[in-house]
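There are 2 protein chains.
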Amino acid sequence: MKPNFTLRLRVFNLNCWGIPYLSKHRADRVKRLGDFLNMESFDLALLEEVWSEQDFQYLRQKLLPTYPAAHYFRSGIIGSGLCVFSKHPIQEFTQHVFTLNGYPYMIHHCDWFCGKAVGLLVLHLSGLVLNAYVTHLHAEYNRQKDIYLAHRVAQAWELAQFIHHTSKKADVVLLCGDLNLHPKDLGCRLLKEWTGLHDAYLETRDFKGSEEGCTMVPKNCYVKQQELGPFPLGIRIDYVLYKAVSGLYISCKTLKTTTGHDPYSGPPFSDHEALMATLCVRHSPPQHNPSPTHGPAESSPLTSVLREAWAEVDQGMAQARWWATVAGYAIGLGLLLLALLCALAAGGWIREAALLLWTPNVGLVLGAGAFHLFHMQEAKSLCKTRTELQHVLGRAREAQDLGPESQPALLLGQQEGDRAEEQ
Amino acid sequence: MKPNFTLRLRVFNLNCWGIPYLSKHRADRVKRLGDFLNMESFDLALLEEVWSEQDFQYLRQKLLPTYPAAHYFRSGIIGSGLCVFSKHPIQEFTQHVFTLNGYPYMIHHCDWFCGKAVGLLVLHLSGLVLNAYVTHLHAEYNRQKDIYLAHRVAQAWELAQFIHHTSKKADVVLLCGDLNLHPKDLGCRLLKEWTGLHDAYLETRDFKGSEEGCTMVPKNCYVKQQELGPFPLGIRIDYVLYKAVSGLYISCKTLKTTTGHDPYSGPPFSDHEALMATLCVRHSPPQHNPSPTHGPAESSPLTSVLREAWAEVDQGMAQARWWATVAGYAIGLGLLLLALLCALAAGGWIREAALLLWTPNVGLVLGAGAFHLFHMQEAKSLCKTRTELQHVLGRAREAQDLGPESQPALLLGQQEGDRAEEQ
Numbered sequence: 208m209k210p211n212f213t214l215r216l217r218v219f220n221l222n223c224w225g226i227p228y229l230s231k232h233r234a235d236r237v238k239r240l241g242d243f244l245n246m247e248s249f250d251l252a253l254l255e256e257v258w259s260e261q262d263f264q265y266l267r268q269k270l271l272p273t274y275p276a277a278h279y280f281r282s283g284i285i286g287s288g289l290c291v292f293s294k295h296p297i298q299e300f301t302q303h304v305f306t307l308n309g310y311p312y313m314i315h316h317c318d319w320f321c322g323k324a325v326g327l328l329v330l331h332l333s334g335l336v337l338n339a340y341v342t343h344l345h346a347e348y349n350r351q352k353d354i355y356l357a358h359r360v361a362q363a364w365e366l367a368q369f370i371h372h373t374s375k376k377a378d379v380v381l382l383c384g385d386l387n388l389h390p391k392d393l394g395c396r397l398l399k400e401w402t403g404l405h406d407a408y409l410e411t412r413d414f415k416g417s418e419e420g421c422t423m424v425p426k427n428c429y430v431k432q433q434e435l436g437p438f439p440l441g442i443r444i445d446y447v448l449y450k451a452v453s454g455l456y457i458s459c460k461t462l463k464t465t466t467g468h469d470p471y472s473g474p475p476f477s478d479h480e481a482l483m484a485t486l487c488v489r490h491s492p493p494q495h496n497p498s499p500t501h502g503p504a505e506s507s508p509l510t511s512v513l514r515e516a517w518a519e520v521d522q523g524m525a526q527a528r529w530w531a532t533v534a535g536y537a538i539g540l541g542l543l544l545l546a547l548l549c550a551l552a553a554g555g556w557i558r559e560a561a562l563l564l565w566t567p568n569v570g571l572v573l574g575a576g577a578f579h580l581f582h583m584q585e586a587k588s589l590c591k592t593r594t595e596l597q598h599v600l601g602r603a604r605e606a607q608d609l610g611p612e613s614q615p616a617l618l619l620g621q622q623e624g625d626r627a628e629e630q
Numbered sequence: 208m209k210p211n212f213t214l215r216l217r218v219f220n221l222n223c224w225g226i227p228y229l230s231k232h233r234a235d236r237v238k239r240l241g242d243f244l245n246m247e248s249f250d251l252a253l254l255e256e257v258w259s260e261q262d263f264q265y266l267r268q269k270l271l272p273t274y275p276a277a278h279y280f281r282s283g284i285i286g287s288g289l290c291v292f293s294k295h296p297i298q299e300f301t302q303h304v305f306t307l308n309g310y311p312y313m314i315h316h317c318d319w320f321c322g323k324a325v326g327l328l329v330l331h332l333s334g335l336v337l338n339a340y341v342t343h344l345h346a347e348y349n350r351q352k353d354i355y356l357a358h359r360v361a362q363a364w365e366l367a368q369f370i371h372h373t374s375k376k377a378d379v380v381l382l383c384g385d386l387n388l389h390p391k392d393l394g395c396r397l398l399k400e401w402t403g404l405h406d407a408y409l410e411t412r413d414f415k416g417s418e419e420g421c422t423m424v425p426k427n428c429y430v431k432q433q434e435l436g437p438f439p440l441g442i443r444i445d446y447v448l449y450k451a452v453s454g455l456y457i458s459c460k461t462l463k464t465t466t467g468h469d470p471y472s473g474p475p476f477s478d479h480e481a482l483m484a485t486l487c488v489r490h491s492p493p494q495h496n497p498s499p500t501h502g503p504a505e506s507s508p509l510t511s512v513l514r515e516a517w518a519e520v521d522q523g524m525a526q527a528r529w530w531a532t533v534a535g536y537a538i539g540l541g542l543l544l545l546a547l548l549c550a551l552a553a554g555g556w557i558r559e560a561a562l563l564l565w566t567p568n569v570g571l572v573l574g575a576g577a578f579h580l581f582h583m584q585e586a587k588s589l590c591k592t593r594t595e596l597q598h599v600l601g602r603a604r605e606a607q608d609l610g611p612e613s614q615p616a617l618l619l620g621q622q623e624g625d626r627a628e629e630q
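Same order as they appear, the protein sequences are chains A and B. Residues in the first sequence are numbered from 208 upward in steps of one, following this note's numbering. Residues in the second sequence are numbered from 208 upward in steps of one, following this note's numbering.
Accuracy of the hints is not assured; some may be wrong.
Said to hold, decoys possible - For lysine-lysine, the following DSBU-like pairs were computed, each having C-alpha atoms within a straight-line distance of at most 30 Å:
1) K376(A) - K376(B)
2) K415(A) - K391(A)
3) K415(B) - K231(B)
4) K294(B) - K376(A)
5) K269(B) - K238(B)
6) K376(B) - K294(A)
Keep in mind that the hints were calculated from the coordinates and are not lab data. What you are looking at is a predicted structure, and each value in this text was computed from that prediction instead of being measured.
Chain A extracted, bound-state conformation:
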């Protein structure tokens, strides 16, 4: 790599809102998105909510001349909805499906059936290894009473751990996606603190787009006002995050979002706004820059967010165990009722009613059984997350107790390779 080397990376991210039969004007939006991507010729286009594989295949064909490499991340029953189009060859790809992803009985929310995941692509660009991640976390349906909060925190932690463990030899790390997290939400802070990723919107000096970088705005004709809840001006839940290893500078030269319509002032591509970032990677001598949020002095915000996440996951675990217990009682009750109905039917009393009640009772026992097992598994997965958080918290505290001299050996040993150079 030459000393005056510069890598310019143009990245596009969009949650496409591509639900077959339900999303309005899907075919037209996908067609126009394809035209736009072809015209702009980004280095990478990372898409979420491409739920229909036919849409992906359509885009693949359409984008083939401009983006010869593409991948669709399959998972769960419906699919993760994640896909990527790349101008450069994809060296490797893999994915990690989140252990927790809502509840199967919340059929109207559908997330559980999607098998939400994080996809990883490894690209070799100008002698650098770029790990690009694309993800979509569980949706937030009710901010005031969010029953999925523990799951989303656990997903953010799993995402951070996946990036942490798979990017140790990467020169540049890029994460794009719909996190379904506001910038100050616990999951977002946890992800950023543990991986050291920078938020393009906060870092760039050249931003053009919607107010406060919002990616769901009331001006978008597909957005219902009630979806924005207590944020009538919009919410920012889609991100471009990045970092580079020591010896490289990475900066976001420009960041644009669409503003409720497509870039030609036509109808929007989706109910989310698209993000378009130009990143610049430059060679630089390794520097030690203990900023307030990164470097040895940072252990305090990290421990604080870890502690907060621990408490949230712990609460979720208690809740999961409570539901498993309730289901256990329901199984017992159902079995008792079944025995009673059998006795009634055998004795000839209210035979018909007994037979009629048999079906809902068998349903109760089986349903409660499945419910019990599901929440047992949920509790176990949350317990796993809590143990991992506790371990990292313990090591972060050790690092603090031993003072700055010993921190590199302890805490930084944990975050080796995750440290991003300040711009």
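The hints should help you fit chain B onto chain A, whose structure is shown.
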């Protein structure tokens, strides 16, 4: 690291056969295992089938003075059964639960409920980063007609991919566990070819133990002859595998197995035999050693095993789709029957029989629905595995076509960091 540096690593692996209520003499075996581990003071003890968390907690307390660090990998409904005890501090840990792991309706086989996984521990020893993995793949219940073959191949691939992507900065990689794969089985070859891991049994010059290194032997009083099927002398399905990065030599100085009884000639610790390896890591100048199985000339065995795995996974996918279709027809049939029963009951004909048949019919529709969804998800996961295999196969072929000069840039770019130095 000094030029004459040597790291000696004593490792213990055992599938503990710790099924509560079902495994014979469990408490006594766990107690004796704890005594043995305390006395031997290994660097790492990696255990599988510790299904009861109480057993883990008992061992944790008992081993605390000798092995201050320990971790239990929680997953699924029952748990992964994996745990580890370490004499050295554990810097980091995480886990990956396999996407495919048998069928929930095969309740008697139970694997699906375990959430089988691979656990990763990162240790820093004498300035080296050691990534230690412990795993347990889906059991093989019928070698002649193995309905889980595609799942086990997919698990072996996911395991290989997890190691590949998480160990890029590790100096030494160690994988221990019960792979439920014979040495020449497709999954085992795939894992070794893609990760470059060496088999301690094949590499060591000092082996003591059961004939041909078998880890399930007829002499073990807990092994039923029919479990060994067409291998009356025993099978080798538990492994110690390892590799080191360029610049380091790793070798297996000694490997021992128990031989149907514990090391004091008492009753065995488990129905599996324990593996005890002494590994030696030494400094060495980087060497390029294109052996028949590693180096640029290796692409042929890799492509061959990738092709074989692709075919197996493809067949599994067709099977999964067939089952999903069958279940689809069963749903239709069930719904028709339900409509018929409703009509009969409403019309007053054979009212009682109609009501009696209502329950099994609702059961049929719901069961077939769940079956359909499960096999849809299975097909999607196998399709994901097939796509990953196809991508690697494509790149391996490209590397072959371009000749040895271009191989490092292509295929070795894939396996960067995975290359192990020959002993």
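Hint check:
no.	hint	verdict
1	K376(A) - K376(B)	holds (6 Å)
2	K415(A) - K391(A)	holds (21 Å)
3	K415(B) - K231(B)	holds (27 Å)
4	K294(B) - K376(A)	holds (28 Å)
5	K269(B) - K238(B)	holds (9 Å)
6	K376(B) - K294(A)	holds (28 Å)
When the structure is compared with the earlier hints, no violation turns up for any of them.
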